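Novice: Take the sequences, apply the hints, and build the full model.
Now for the letters of each chain:
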Amino acid sequence: MSLLAEREARVTTDALLSVKDLRMTFPGRRGKGIKAVDGVSFDLRAGETLGLVGESGCGKSTTGRMIVRLLEPTSGTVHFDGRDITHLDPRQMLPLRSEIQMIFQDPFASLNPRQTVQQIISGPRKLLDRSGVIDLLKLVGLSPEHIDRYPHEFSGGQAQRIGIARALAPKPKLIICDEPVSALDVSIQAQIVNLLEDLKAEFNLAYLFIAHDLSVVRHMCERIAVMYLGRIVEVGHRDAIYSDPAHPYTKALLSAVPVPDPEVEATRERIVLLGDPPSPAAPPPGCSFNPRCHKAQGRCRVEVPVPTVVRGRQVACHFPEE
Amino acid sequence: MSESGTVSEMTGRRTRPAVRPAGGGERSGGPILDVKDLSVSFGAVQVVDGVTFNVDRGRTLGIVGESGSGKSVSSLAVLGLHRNATVTGSIVFDGQELVGAPSERLRKLRGSRMAMIFQDPLSSLHPFYTVGDQIAEAYRLHRRTSRRAARERAVEMLAEVGIPEPRRRAREHPHQFSGGMRQRVMIAMALACEPDLLIADEPTTALDVTVQAQILELIARIQAERGLAVIMITHDLGVVARIADDVLVMYGGRTAEHTAARTIFKAPRHPYTQGLLASVPGLATGEEDDGRLKAIPGSPPSPLTPPPGCRFHPRCARFAAAQNPAICTEEHPLLTGTVHKVACHLPGGTQ
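In order, the protein sequence lines correspond to chains A and B. All residue numbers for the first sequence refer to my numbering, where the first residue is 3 and numbers rise by one. All residue numbers for the second sequence refer to my numbering, where the first residue is 2 and numbers rise by one.
Worth flagging that the hints you see were computed from the coordinates, not collected in a lab. The structure displayed is predicted, hence computed values, not measured ones. Just so it is clear, CB atoms sit at the ideal spot from N, CA and C, and this is done for glycine as well. Careful, some of the hints might be misleading.
What the hints assert, rightly or not - Part of the chain A face toward chain B, derived, beta carbon under 7 Å:
| no. | residue |
| --- | --- |
| 1 | LEU96 |
| 2 | SER100 |
| 3 | HIS154 |
| 4 | GLU155 |
| 5 | SER157 |
| 6 | GLY159 |
| 7 | SER184 |
| 8 | GLN193 |
| 9 | LEU197 |
| 10 | LEU201 |
| 11 | SER217 |
| 12 | GLU224 |
| 13 | ALA258 |
| 14 | ASP263 |
| 15 | ASP278 |
Specialist: What follows is the structure, given as structure tokens:
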């Protein structure tokens, strides 16, 4: 508990975004709730990029959506710029909407097909005039003549640039990027990653970068939080997580990523996990990773591990890797 | 096929990748599939333009490309799955010419000697029938056998692909399976008739990485056991590095580069391959840590409006560095080389 209190004290001082014990329980069958997010806490400083990684169903997107209040959290708090925004009503949220923006995975699904680029970027509140939109188009690598076109006239990479321009229009401090490159072709992904990094440097943006591609996350993020079944199992600096993972899940996840080098692939040790991630509707008792963990013992099956500091990062495991 | 093999497949263990026998299978002879100068067009739109490759038994060919590169269209042409398409060139499967073959003959080969698995197993499985019935039906299409024997075969195949409790699971419907388990069901169905060639079109793209690792191991194990020829179509260079022996890089419907997997990754010669490899961020500390990624500018061409000459020239760093030579914009580069084939007018050094 003292750890939590300590974190709380730090949070109120310098974090741009501070998430504490956030939970989201969706109604399930027979009154049983589905715990999609089960007590997630982290902070994000201004100008920082935090990566949120994990497999499908781990709650990473749900976490992002609760922060922008597309979903109403079941419990927990979200502080932005020192202010509790967890339960603001839509009218109170309105001024904050320009400070927290979001970029989505599927650029076509997130752009209105009946609006022109100008209408999309200037937004419902007409934040920008025509020349302002043109400036933004240039900034994200599109040309001014694109301004009167419709989304279907663009390629996936260009459409994602429009989505980024729209997010930038209200001059946000924080952008939640939910899988912003995973729907794009490989040769386009690097362009968008570079664009996001340039924009971050230029406008001192903070990103919450939600993704499952571990190499892109490593490139983009200073700190990384690994989620499994609604909880953060390990969070720390990029180098600590990637070169010396302490949670057995992080280690297995990293070893499962195929590396584009046949010689590395032929020789490296790989941990093949058994089975699939369990359903959040019926999580296993104790540590949620225990049924797939090669280190699991009796204690792991009954007791939920509390995050502790191991070699400079927080890890929630009874038997962290040496 | 043994139960114990299945169990070890399912346990979380540390493994080193299985060493695949070079050349594979007990049967010898030429390649099982020999494709020469394959072109596919839909009306006036040419989607695949003169692609040549072959696959031996026990070997894996990785076909890499982005959307619109023609990688899936080429493989569907091998199975004769295109309607209203003009397919020219030659596709020889185990000595039989398939281009222009009667559809009845193709249908007999398809599913029995050549099989395919797709990216999304849920849309390839019928939601109404149990998975056991679907595997049994596919089996009975090609083998004269009783319903009961076919159902036994389905259970046997589910066990072989590592599905626990195969007898009970055979009576379940696709929605009762997870994504990874569904892909195992598709593999079981594809392998039920013991094909010689398996075409896998992005089989792990929709799966999580830990499940992807399981499926790739499964394909490698079955291939080693049966001497199966595999064509793996993917956009993921890591997947290719893990399982392919040879790699064909496609761009804008044409072959850009074609050689052994190790060579592609170690000494790529086509500027597109080089650009693609350079643009992927690494996983290990120390690689391009704080620098920018080396992105390829522009986007892949649409088959509707392909650029003239070399399809890659509008995005090519070498073309720009050579001050836009006319040959690149006017002439389609021919694939040159014997072991390491590259189609580029400006064969620069390796990277």
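Novice: All hints are to be evaluated individually against the structure, with a verdict given for each.
Specialist: Hint check results:
The closest approach between the C-beta of LEU96(A) and any C-beta of chain B is roughly 36 Å, which is over the 7 Å cut-off, so the hint fails. Among the interface hints, the one on SER100(A) is violated; its C-beta lies about 28 Å from the nearest C-beta in chain B, farther than the 7 Å criterion. Hint status for HIS154(A) relative to chain B: violated, with the closest Cβ pair at about 13 Å, above 7 Å. Taking 7 Å as the C-beta contact cut-off toward chain B, the hint placing GLU155(A) at the interface is violated, the least distance being around 12 Å.
With a cut of 7 Å, the hint placing SER157(A) at the interface with chain B holds, because the nearest CB-to-CB distance is about 5 Å. Hint status for GLY159(A): holds, given a least beta-carbon distance of 5 Å to chain B, under 7 Å. Interface restraint check for SER184(A): the shortest CB-CB distance to chain B comes to about 10 Å, outside 7 Å, so the restraint is violated. This hint holds: GLN193(A) has a C-beta 4 Å from the nearest C-beta of chain B, less than the 7 Å allowed.
Here the hint on LEU197(A) is broken, as its CB sits about 9 Å from the closest CB of chain B, past 7 Å. For LEU201(A), the interface hint is violated, the least distance from its beta-carbon to any beta-carbon of chain B being 13 Å, above 7 Å. For SER217(A), the shortest C-beta to C-beta distance to chain B is roughly 5 Å, which falls under 7 Å, so the interface hint holds. Because the closest C-beta pair between GLU224(A) and chain B is about 10 Å apart, greater than 7 Å, the hint is violated.
For ALA258(A), the interface hint holds, the least distance from its beta-carbon to any beta-carbon of chain B being 4 Å, beneath 7 Å. Checking ASP263(A) against chain B by beta carbon gives a least distance of about 6 Å; that is within 7 Å, so the hint holds. Interface hint status for ASP278(A): upheld, as the beta-carbon distance to the closest one in chain B is roughly 4 Å, under 7 Å.
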